[in-house]
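Put together the whole structure using the sequences plus the hints.
One line per chain: the protein sequences are A and B, in this order. Note that the first sequence covers residues 1 to 210 in the working numbering. Note that the second sequence covers residues 1 to 210 in the working numbering.
Simulated from the structure, these hints should not be mistaken for laboratory data. The beta carbon of each residue, even a glycine, is placed where N, CA and C say it ideally should be. Some hints could be false.
Said to hold, decoys possible - In silico DSSO-like links for lysine-lysine, alpha-carbon gap of 30 Å or less:
#1 K143/B / K172/A
#2 K143/A / K117/A
#3 K143/B / K67/B
#4 K67/A / K67/B
#5 K67/A / K117/A
#6 K67/B / K117/B
#7 K143/A / K67/A
#8 K143/B / K117/B
#9 K172/B / K143/A
#10 K172/B / K117/A
#11 K67/B / K172/A
To be verified - Taking beta-carbon pairs under 8 Å as the criterion, some of the chain B residues facing chain A (in silico):
#12 L47
#13 S100
#14 G149
#15 R160
#16 D170
#17 D193
#18 D194
2 protein chains.
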Amino acid sequence: MGEKTLISRLPERGVTDRQQINEILDEGFVCHAAYVIENRPVVIPTLYVRNGDQLLLHGSNSSGLVKAVRDGSPLSVGVTHIDGLVVARSGFHSSANYRSVVVHGQGRILTGEEHEKALDVIVDILIPGRLSDIRRPTEAEIKQTSVIGLPLDEVSAKVRSGGPNDDPDDLKSDAWAGVIPLSVVAGDPEPSDDLRDGIPTPDYLQPNRG
Amino acid sequence: MGEKTLISRLPERGVTDRQQINEILDEGFVCHAAYVIENRPVVIPTLYVRNGDQLLLHGSNSSGLVKAVRDGSPLSVGVTHIDGLVVARSGFHSSANYRSVVVHGQGRILTGEEHEKALDVIVDILIPGRLSDIRRPTEAEIKQTSVIGLPLDEVSAKVRSGGPNDDPDDLKSDAWAGVIPLSVVAGDPEPSDDLRDGIPTPDYLQPNRG
Chain A
1 MGEKTLISRL
11 PERGVTDRQQ
21 INEILDEGFV
31 CHAAYVIENR
41 PVVIPTLYVR
51 NGDQLLLHGS
61 NSSGLVKAVR
71 DGSPLSVGVT
81 HIDGLVVARS
91 GFHSSANYRS
101 VVVHGQGRIL
111 TGEEHEKALD
121 VIVDILIPGR
131 LSDIRRPTEA
141 EIKQTSVIGL
151 PLDEVSAKVR
161 SGGPNDDPDD
171 LKSDAWAGVI
181 PLSVVAGDPE
191 PSDDLRDGIP
201 TPDYLQPNRG
Chain B
1 MGEKTLISRL
11 PERGVTDRQQ
21 INEILDEGFV
31 CHAAYVIENR
41 PVVIPTLYVR
51 NGDQLLLHGS
61 NSSGLVKAVR
71 DGSPLSVGVT
81 HIDGLVVARS
91 GFHSSANYRS
101 VVVHGQGRIL
111 TGEEHEKALD
121 VIVDILIPGR
131 LSDIRRPTEA
141 EIKQTSVIGL
151 PLDEVSAKVR
161 SGGPNDDPDD
171 LKSDAWAGVI
181 PLSVVAGDPE
191 PSDDLRDGIP
201 TPDYLQPNRG
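Structure below.
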């Protein structure tokens with residue numbers, strides 16, 4: 001696998017610690033899931049959560065991703081956080097700071113009680129506290145929404161952090177060097193136009209609640 | 001392809017306008033590129049820029065991605081910006097606001113002058129103004145860095161924006177509904193520890209320069 005080769009080639013960027021892998025996964029909620037159709041790759045962004053030792057991918061029943069899993073395609077799922085642009089004194093050493101996890105494996109479409117429970121788990125992990133405020137899903141909604149379980153067995157991660165690693169000869173350069181930090185910021189909750197009067201923003205949606 | 005099916009199923013989220021597709025691509029610089037090895041998908045994050053009618057993907061010579069393209073694997077490349085978490089009055093209608101582009105096609109490894117020029121183009125598009133401040137790449141660096149050209153011929157895009165689309169019956173709910181906006185923010189440039197004294201941050205790296 002390309003990801004594994006890369007790790008063995010640049011061992012300092014390989015992360016084997018499971019806790020760090022979980023932290024990377026838990027920070028995001030949109031992954032890029034790749035599957036194979038007729039020997040061609042297809043990648044799509046989709047919602048996910050990590051639930052213990054598996055990813056739960058959220059998909060419409062009729063999506064290509066769900067069909068592909070049903071047809072037996074293995075999956076490759078990537079989650080990446082971009083932490084900065086690394087501005088080195090050469091193009092070669094310019095880079096990005098990032099934390100990324102790639103999971104390979106055979107997904108399975110959850111069914112029955114496991115499926116219904118997973119729909120709750122997704123809401124509960126994405127927005128802790130939300131579940132008790134909203135109505136139960138209908139039978140039709142449950143049928144329309146597939147959940148793919150993907151075990152966290154074959155997982156690799158890469159992390160780059162810190163400043164540029166310039167060639168010693170380049171340190172005398174007149175060029176500025178450093179990092180432009182990048183981060184994802186949540187703004188103030190924006191109430192829906194059709195929100196009834198007098199409904200306050202719940203605590204679990206306040207910025208910096210974590 | 002899953003992406004296309006999804007577009008025809010939810011036509012309001014399909015974007016065919018080329019300018020909007022270009023804007024989505026131009027806002028990012030890390031994509032998720034998927035390829036196929038032995039009928040299994042592999043997805044990895046990698047740097048890219050859009051240069052006219054093609055994507056330029058940046059990769060180490062020995063990366064799995066570059067090897068796969070050399071071996072003839074088609075590619076599927078996804079770029080996604082997450083603009084918000086859509087908090088609806090039901091789990092079913094909860095969603096994400098996002099803008100995403102997926103490009104399918106056969107990449108080619110650039111060679112010779114086209115390859116060397118592409119390395120400059122990548123720097124120039126990622127950080128306009130930077131190229132004249134840094135030294136030229138060495139022969140060894142050029143050899144180690146591959147550039148994959150992927151034509152923007154088979155491109156699809158999906159965009160979701162705005163508040164939740166709740167069922168009419170749910171509007172009487174006591175639950176808050178709306179959007180948590182999310183955006184990527186650049187912080188102040190952080191000089192490298194080994195930056196020589198007296199080198200100011202160049203204008204082209206100042207926040208809000210655009």
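- request: Starting from K143/B, check that the Cα of K117/B is at most 30 Å away, please.
  value: holds, 13 Å
query: Holds or violated: K67/A with K117/A, Cα cutoff 30 Å?
result: Holds, because 21 Å separates the two Cα atoms, which is no more than 30 Å.
message: Does the closest beta carbon of chain A sit nearer than 8 Å to the beta carbon of S100/B?
response: Check passed: Cβ of S100/B comes within 5 Å of chain A, closer than 8 Å.
message: So if I understand the rule, the pair passes when the alpha-carbon distance is 30 Å or less; does K143/A with K67/A pass?
response: With a Cα-Cα distance of about 14 Å, the restraint between K143/A and K67/A holds, given a limit of 30 Å.
task: So, G149/B near chain A? Judge it on the closest CB pair being under 8 Å.
output: Cβ of G149/B sits 17 Å from chain A, so the hint is violated.
- prompt: Between K172/B and K143/A, is the straight-line Cα distance small enough, at 30 Å or below?
  reply: holds, 24 Å
query: Given L47/B as an interface hint, is the shortest Cβ-Cβ distance to chain A below 8 Å?
result: Result: holds, 6 Å to nearest chain A Cβ.
- request: Decide if the proposed pair is consistent with the structure: K143/B and K67/B, CA atoms, cutoff 30 Å inclusive.
  value: holds, 14 Å
message: Just to be careful, I want the Cα atoms of K172/B and K117/A compared with a cutoff of 30 Å; is the pair within it?
response: holds, 26 Å
query: Can the restraint linking K67/B and K117/B be considered satisfied, given a maximum Cα separation of 30 Å?
result: Given pair K67/B, K117/B holds - Cα atoms ~21 Å apart, limit 30 Å.
task: Would you settle whether the hint for D193/B is holds or violated, based on the nearest Cβ-Cβ distance to chain A being less than 8 Å?
output: Since chain A brings a Cβ to about 6 Å from D193/B, closer than 8 Å, the hint holds.
query: Can R160/B be said to touch chain A, with a Cβ gap under 8 Å?
result: violated, 11 Å
Going down the numbered hints, you'll see the structure goes against 11, 14 and 15, while the others check out.
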